[in-house]
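As they're listed, the protein sequences go chains A and B. Here the first sequence stands for residues 355 to 741, numbered as in this note's numbering. Here the second sequence stands for residues 355 to 741, numbered as in this note's numbering.
Rather than coming from a laboratory, the hints here were simulated on the basis of the structure. From a predicted model like this one, the values you see are computed outputs, not experimental measurements. Where hints are given, some of them may not hold.
If several chains are the same, the list does not tell them apart, and a pair holds so long as it fits within one copy or across any two.
What the hints assert, rightly or not - Under the rule of at most 27 Å between Cα atoms (straight-line distance), these lysine-lysine pairs were calculated in the DSSO-like manner:
no., residue 1, residue 2
1, K663, K625
2, K568, K625
3, K468, K606
4, K595, K422
5, K591, K422
6, K568, K422
7, K468, K663
8, K663, K422
9, K568, K468
There are 2 protein chains.
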Amino acid sequence: MSSIGTVSPQTMTFAEPLPLQSGASLRDYTLMYETYGTLNADHSNAVLICHALNASHHVAGWYADDPKNVGWWDNMVGPGKPVDTDRFFVIGINNLGSCFGSTGPMHANPATGKPYGAAFPVVTVEDWVAAQALLADRLGIAQFAAVMGGSLGGMQALAWSIMYPDRLRHCVVIASTPKLSAQNIAFNDVARQAILSDPDYRGGDFYAHGVVPKNGLKVARMVGHITYLSDDDMAEKFGRKLRDITETGSYKFGFGIDFEIESYLRYQGDKFSEYFDANTYLLITKALDYFDPARAYDGDLARTLAHTKAKFFLASFTTDWRFSPERSREIVQALLANRREVTYAEIDAPHGHDAFLLEDPRYMNMVRAYFDQIGQETELTTARSAA
Amino acid sequence: MSSIGTVSPQTMTFAEPLPLQSGASLRDYTLMYETYGTLNADHSNAVLICHALNASHHVAGWYADDPKNVGWWDNMVGPGKPVDTDRFFVIGINNLGSCFGSTGPMHANPATGKPYGAAFPVVTVEDWVAAQALLADRLGIAQFAAVMGGSLGGMQALAWSIMYPDRLRHCVVIASTPKLSAQNIAFNDVARQAILSDPDYRGGDFYAHGVVPKNGLKVARMVGHITYLSDDDMAEKFGRKLRDITETGSYKFGFGIDFEIESYLRYQGDKFSEYFDANTYLLITKALDYFDPARAYDGDLARTLAHTKAKFFLASFTTDWRFSPERSREIVQALLANRREVTYAEIDAPHGHDAFLLEDPRYMNMVRAYFDQIGQETELTTARSAA
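Turn these sequences into a full structure, and let the hints guide you.
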């Protein structure tokens, strides 16, 4: 079991306009993606990995010129790993509106020749999935063995099962939810307000002014980060530990950093504000807020999922208070109401929402066992059609 | 049972410097306070009410020239109310550093003649309690029948029991905690970063520039407000309700307000930013972060409370995730370890942390019964000493 090693991103450009849920459309757009493993002869072993808020197409491996830049799910995807690239042809795609390569707010709007900025159209989970399907068409993948994602990535997997029921055999939804709660939306709106009210945001056209709304992005990331960790995990890792012990062994009695947790969060915020795009953050939080596939069915999730044909694997984490196990169970129940085949793992892990990115042995083993089954099915079908 | 009616704030000025925990001191300071009811002959029926983050000395009643400005605990304090002003002499005091009348960052620093701004010394819960004790001295109150508070106010009541064990017979601590968790501190630091990074904060000297860091205060209040409400209550009140239904009955596909919860939170944030002082907000969050009386006893809360002599009443609310029932139970257990007399009510209420300010019949009845008992004890003692 080792990393896939050196990988290279690829791009695919689409001239044809992509109609969006908002009524707007995007034309002349580019999708950046990576692939790992080999597509088999009947194109039946493809797995699509959908990314969450601050991730990208770079799922596994590293770049020759940047070996420290390891893919965000390298512990999950690779040779001999739970999603085994010796068996599956895995695709990671960067979503539209991102700041990691696919067309986004920092790129030139073909209509004006200037960066889109805040004029980049608001994109939805469903829009992303539609773009991913077009890329799959071009790669000759009529049906995925599985579409998989965690958090916002899980929403995309769920949307695939609803929008293109015949194009995936398995839907793998980790630490996700059928829709955000009022509290989830509230935290997103705090983040947006922090960015929008930063004078350096400049109405979204900060690129032209050579500035970046760093303070807004920092606060947005800090509040987001709190919701990714569990209260217990924070208590365990940081508690009330002081960052520096002053001469009096006491507090500093100022508005600087007293506690380790402040230092950690500010550092995370600063780091994030240096690489993430403010318009992308706004776009992605809106995509999260808007996701609610049952909305078209009077809120009836069971009716919404009646159209799906995939088999499902879901996992949630006990200490995840962003998308708690209850949210995954809503999906499970709606699937069971439709007599769908569902495997559900509720993992007792201390790390909150972030657990979906971490190496918990039970979690990894569950995913491994499930993908092993997918692999066996796929290979059996291939062997039969070859026979 | 009616409101106390028209009330008037009073002020008391102290020339003598108040030594603070930071090592700094405050001189020529003023405390603003209100009293309701009548102090009895032996001064044994006084109850001190300590306020939380955005409240003040204005606990009950209203002002003749501003009848809509009703005290923040008017449902709790008044004639025939749980804390019955026909029986008790109730005092509300505004804490130092506040923006509601007692000396704070917007007042002139006697050393410079200019507003303190960010130079106002960082004050702690214990500093507030020390100032409250000086005011009690002047009012001739050697011992309170009870010191009472919710949230940050409960911390003050707890500090009273530790700092001045002989000066209160009952300590009433509602929806509070013996110290903030890492997560609590993290939310406070997000709020501080939002304020400190607002260019209109001007290093705390915004008074001189005729500006107010409204955007920072707004974001700070929004994030705070989320922690005051329960997830369930937010779901119940707001859910995913849209603010306006657009022509297409759909989302607005922009960064404005889509959901009711966004509208509500932004409104709360805007309103708050119009009346609250940014330096006060910073000061109060630091007082919250710093409160940790067990720190002087190697974190041993039982040893910390061994010095107390009061009887205790504690209450917590099941859906309060800011200061959960578990935090109150820590105090209860530490008191029981010292064989203190403790009454503890864990109220099943849907309203999160804010429940302590709301009218829940079980909660009100518990407090009423407890204060009735205090009243009976007090009157019996008074009768005996008169006999």
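>> Need the list of violated hint numbers for this structure, in ascending order.
In response: 1, 4, 7, 8
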